[in-house]
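S.K.: Next come the chains, spelled out residue by residue.
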Amino acid sequence: MSELILQALYSGLLQGGSYALIALGLALVFGAMRVINLAQGELVLLSAYIAYSVESGMGLNPVLAIPIALVVVCLTSAVVYFVVSRIKKDREINSLILTYGIGVILTNGMLLVWKADIRSTSSEWMQEAFVLGPFYSMRSEVLFFGVSLVMMAGLWWWLSRSWYGRAVRAVSSNRDAAKLMGINPGYTELVSFIVAGILAAFAGVALFSYGVISPAYGGVLTVKAFIITVLAGVGSIPGVLIGAVLLGVAEALTVTLASSALQELAGMGLFLLVLFIMPNGLFGVRGRRG
Amino acid sequence: MTSRYQGIKRVAMLAWAASALVAGTAAAEELKVGVEIPLTGSLARVGSGMQEGINVAAEVFNKTNGKHKVKLVTIDDESAPAKAIAAVEKLAGDGVLAVTGGYGSNNIAPAADAAAKAGLVYVTSGGVDDNLVSSGRKNFFRINNVAGYQKAMVGLLEDMNARSVAIVYSTKEATAALAKDLEKAWGAKGLKVTTHAFDPAISDFKPIINKIKLQDKPEVIAMIGYENDYVGILRAARVLKPAVKAMVGVWSLATPKMAADFPDLVPNVYGTALLPYPAQFTTADGKLFEETYRRLYNKDPDYLGQFGYVQSMLLFEAIARAADKGTLKKGGVAEEMRKTDRETLIGRVQFGSNGDNLNFTHHMGQHQGNKVTIVWPKDAATGKMNYPAVPW
Chain Y
0 MSELILQALY SGLLQGGSYA LIALGLALVF GAMRVINLAQ GELVLLSAYI
50 AYSVESGMGL NPVLAIPIAL VVVCLTSAVV YFVVSRIKKD REINSLILTY
100 GIGVILTNGM LLVWKADIRS TSSEWMQEAF VLGPFYSMRS EVLFFGVSLV
150 MMAGLWWWLS RSWYGRAVRA VSSNRDAAKL MGINPGYTEL VSFIVAGILA
200 AFAGVALFSY GVISPAYGGV LTVKAFIITV LAGVGSIPGV LIGAVLLGVA
250 EALTVTLASS ALQELAGMGL FLLVLFIMPN GLFGVRGRRG
Chain V
0 MTSRYQGIKR VAMLAWAASA LVAGTAAAEE LKVGVEIPLT GSLARVGSGM
50 QEGINVAAEV FNKTNGKHKV KLVTIDDESA PAKAIAAVEK LAGDGVLAVT
100 GGYGSNNIAP AADAAAKAGL VYVTSGGVDD NLVSSGRKNF FRINNVAGYQ
150 KAMVGLLEDM NARSVAIVYS TKEATAALAK DLEKAWGAKG LKVTTHAFDP
200 AISDFKPIIN KIKLQDKPEV IAMIGYENDY VGILRAARVL KPAVKAMVGV
250 WSLATPKMAA DFPDLVPNVY GTALLPYPAQ FTTADGKLFE ETYRRLYNKD
300 PDYLGQFGYV QSMLLFEAIA RAADKGTLKK GGVAEEMRKT DRETLIGRVQ
350 FGSNGDNLNF THHMGQHQGN KVTIVWPKDA ATGKMNYPAV PW
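So the sequence lines, in the order shown, correspond to chains Y and V.
So in numbering that gives the first Met the number 0, spot 130 of the first sequence is number 129, and the numbers just go up one at a time.
So in numbering that gives the first Met the number 0, spot 37 of the second sequence is number 36, and the numbers just go up one at a time.
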């Protein structure tokens with residue numbers, strides 16, 4: 000039994016890392032702009048399809064798709080920003096509807112270009128087992144768990160130490176005061192969307208390397224990211240990792256100790272329980288952003 | 000004068016050509032058939048596969064039937080029950096004579112009800128839930144069913160002399176129904192059966208496979224899901240390497256597409272398969288299907304295309320017979336469908352009073368090299384099964 004639980008904890012940890020990478024972009028944009036980007040999952044999926052094209056069309060390792068994915072996804076993310084920035088009234092609710100629509104457009108675009116077939120990497124190296132004592136995983140899972148940690152540390156450093164990161168936090172705290180300090184809020188928000196695009200590009204290549212993708216999968220990713228963002232406490236970037244790992248571990252333990260059919264239910268149960276006890280999420284502080 | 004004469008001649012020739020065209024169209028009566036199918040959403044992949052078969056059936060029918068022509072009116076149901084109802088209602092409003100298509104039992108049931116309300120025949124191969132044929136739908140027809148898949152999987156494990164099996168199944172309607180039936184059937188035959196239901200949204204199967212490896216220790220793992228589930232399960236099994244003798248799946252697994260897309264994952268894996276790969280069509284109907292499919296889609300035909308082709312061809316033939324008898328508007332299509340009794344690409348098709356195909360039995364194929372070999376039943380086998388053998 001202990002062997003089963005140890006493996007479940009390990010699987011949950013790795014799964015949490017991948018969830019965190021997907022959720023970070025959503026958390027950043029919400030923290031900076033109070034915009035829930037419901038197209039974030041589709042941006043991740045777009046990057047995954049670029050990785051597929053690079054692997055199947057050029058015969059290259061999907062990791063080498065990252066530069067192309069960065070350019071395409073960041074540009075798409077910037078376009079999403081320009082559309083969202085047109086909203087002048089009730090930004091939170093209107094951006095929800097608008098980004099949902101953008102997500103539908105992206106889904107159908109991917110369906111037209113890449114068809115409805117399921118896709119995943121055929122790279123043998125990525126799929127090979129990585130065994131660490133009693134722990135089993137695919138190489139790609141460990142690789143991208145590491146990438147996820149690096150990206151998170153990088154984002155944390157960027158938000159707390161760099162000028163632009165501080166500007167993002169300033170705009171999210173008080174847009175008018177930030178303006179008086181010489182910060183251009185529009186430009187800062189664009190930067191946060193581009194950083195979210197960078198995160199989505201890495202998350203997509205990771206997803207293609209250990210998971211299975213299809214055009215309809217974007218919505219599932221967005222919902223997962225949204226749950227983690229709220230679970231962590233909206234605006235709390237470090238909390239995203241802990242929230243994601245908690246979700247991953249809860250899901251894996253449910254499969255091991257109860258039934259795999261209850262996995263998604265366990266995730267939602269945890270989400271509701273945390274919101275019931277701690278309405279601001281695990282690490283959220285009232286009024287805190289970024 | 001000469002140029003004026005030539006002008007009149009030209010006009011006369013154009014008038015003659017136009018009248019010939021009108022006469023030709025009138026000779027081949029156009030029969031409008033509705034296609035309600037998921038082309039977007041979660042079922043887009045299987046819906047598109049079935050649509051290819053439906054289009055091939057229309058192409059072959061129009062080429063071989065001198066008297067009638069079918070015209071397809073297609074509406075995407077977006078993989079959603081409410082949209083499926085709306086699609087059928089719109090098709091009925093457009094004056095179609097019957098509906099072919101449908102995927103997913105939860106979409107098919109309300110769509111078939113909408114068709115029945117409009118007095119239209121509804122034919123499908125996309126839903127295997129028994130409730131579809133046990134709810135008294137009079138104009139509903141289906142060419143495949145759970146029993147056919149169950150027979151094939153039970154038969155295969157019998158040939159393997161397997162004594163224990165772990166069933167890993169998606170909680171979707173059709174997969175759960177098949178898993179429950181298999182659990183009963185294998186249990187009745189004395190096999191030790193364990194079951195693991197999984198939510199369709201999950202992607203990491205390692206905790207499930209680890210449970211099977213450390214607790215169940217079966218000889219066979221039976222996977223009842225869809226392509227994305229198979230990839231997840233096989234990847235987890237490849238990492239954890241449970242000591243099983245075979246990995247057996249059901250639909251969408253023993254296909255050329257899986258062999259081409261996941262060459263490292265599928266060797267020695269079993270799945271239901273109508274035909275071996277490379278496909279060997281021996282009948283005239285089969286050869287015509289294959290030639291038309293390749294011409295239209297420039298790829299190997301798959302099982303979705305075959306099912307879509309068979310259900311639609313049977314429908315077109317029934318409509319044509321009803322048109323000949325002048326009973327199209329008097330329930331003639333359903334009547335002619337009930338009289339169906341012919342050999343098809345999926346074997347003999349006859350519909351029972353509930354609209355289900357009485358003769359449906361599937362075959363089991365195994366990925367061997369880059370080929371799919373039919374290994375069950377013995378009389379249809381194109382090679383011997385590799386057993387025990389797993390992909391890793």
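Hints in this document: simulated from the structure, not taken from any laboratory.
Remember, predicted model here, so these are calculated numbers, not experimental data.
Ideal Cβ placement from N, Cα and C applies to all residues, glycine included.
Be a bit skeptical, because a hint or two may be false.
Unchecked claim - Taking lysine-lysine pairs in the DSSO-like style, the calculated list, with each CA pair at most 30 Å apart, reads:
(1) V:338 to V:183
(2) V:191 to Y:114
(3) V:31 to V:68
(4) V:338 to V:286
(5) V:82 to V:66
(6) Y:114 to V:31
(7) V:256 to Y:114
(8) V:183 to Y:114
(9) Y:114 to V:82
(10) Y:114 to V:286
(11) V:338 to Y:114
(12) V:150 to V:116
(13) V:150 to V:329
Claimed, not checked - Have a look at the derived ranges for each label pair, beta carbon to beta carbon:
(14) Y:145 to V:294: 15 to 25 Å
(15) V:383 to Y:127: 55 to 65 Å
(16) Y:153 to V:263: 30 to 40 Å
(17) Y:56 to V:277: 19 to 29 Å
(18) V:80 to Y:70: 35 to 45 Å
(19) V:263 to Y:66: 23 to 33 Å
(20) Y:145 to V:358: 35 to 45 Å
(21) V:358 to Y:91: 50 to 60 Å
(22) V:81 to Y:116: 19 to 29 Å
(23) Y:257 to V:295: 31 to 41 Å
S.K.: Indicate, hint by hint, whether the structure satisfies it.
M.R.: Hint-by-hint comparison with the structure:
Simply put, residue 338 of chain V and residue 183 of chain V have alpha-carbon atoms about 33 Å apart, too far for the 30 Å limit, and the pair is violated. Only pairs whose Cα atoms come within 30 Å are accepted, and residue 191 of chain V paired with residue 114 of chain Y is rejected, the gap being roughly 41 Å. In summary, the hint linking residue 31 of chain V to residue 68 of chain V is supported, as the alpha carbons are separated by about 9 Å, within the 30 Å threshold. Distance restraint check for residue 338 of chain V and residue 286 of chain V: the Cα-Cα separation of roughly 25 Å lies within the 30 Å cut-off, and the hinted pair is therefore satisfied.
For the hint pairing residue 82 of chain V with residue 66 of chain V, the CA-to-CA distance comes to about 34 Å; that exceeds 30 Å, so the pair is violated. For the given pair, residue 114 of chain Y sits about 28 Å from residue 31 of chain V by alpha-carbon distance, which is consistent with the 30 Å threshold. Taking the CA atoms of residue 256 of chain V and residue 114 of chain Y, the gap is about 14 Å. The hint holds against a cut of 30 Å. At most 30 Å may separate the alpha-carbon atoms for a hinted pair to count; residue 183 of chain V and residue 114 of chain Y exceed this at roughly 38 Å.
Taking the CA atoms of residue 114 of chain Y and residue 82 of chain V, the gap is about 21 Å. The hint holds against a cut of 30 Å. Proximity of residue 114 of chain Y to residue 286 of chain V is assessed by CA-CA distance (about 27 Å); at most 30 Å being required, the pair is judged to hold. For the given pair, residue 338 of chain V sits about 38 Å from residue 114 of chain Y by alpha-carbon distance, which is inconsistent with the 30 Å threshold. For the hint pairing residue 150 of chain V with residue 116 of chain V, the CA-to-CA distance comes to about 34 Å; that exceeds 30 Å, so the pair is violated.
A hinted pair counts as satisfied when its Cα atoms are at most 30 Å apart, and residue 150 of chain V with residue 329 of chain V does not qualify at roughly 38 Å. For the pair residue 145 of chain Y and residue 294 of chain V, the beta carbons lie near 50 Å from each other, so the given range of 15 to 25 Å is not met. Separation of residue 383 of chain V from residue 127 of chain Y is about 30 Å and departs from the stated range, judged on CB atoms against 55 to 65 Å. Taking 30 to 40 Å as the suggested C-beta distance range, the pair residue 153 of chain Y and residue 263 of chain V conforms, at roughly 33 Å.
Between residue 56 of chain Y and residue 277 of chain V the CB atoms are about 25 Å apart, so this pair conforms to the stated range of 19 to 29 Å. With their beta carbons about 40 Å apart, residue 80 of chain V and residue 70 of chain Y fall inside the hinted range of 35 to 45 Å. The hinted range of 23 to 33 Å is satisfied by residue 263 of chain V and residue 66 of chain Y, whose Cβ atoms lie roughly 27 Å apart. Our hint of 35 to 45 Å for residue 145 of chain Y and residue 358 of chain V is violated, since their Cβ atoms are close to 56 Å apart.
Roughly 59 Å separates the CB atoms of residue 358 of chain V and residue 91 of chain Y, a value that falls within the hinted 50 to 60 Å. Checking the proposed 19 to 29 Å range against residue 81 of chain V and residue 116 of chain Y shows it holds: the Cβ atoms sit about 26 Å from each other. Our hint of 31 to 41 Å for residue 257 of chain Y and residue 295 of chain V is violated, since their Cβ atoms are close to 49 Å apart.
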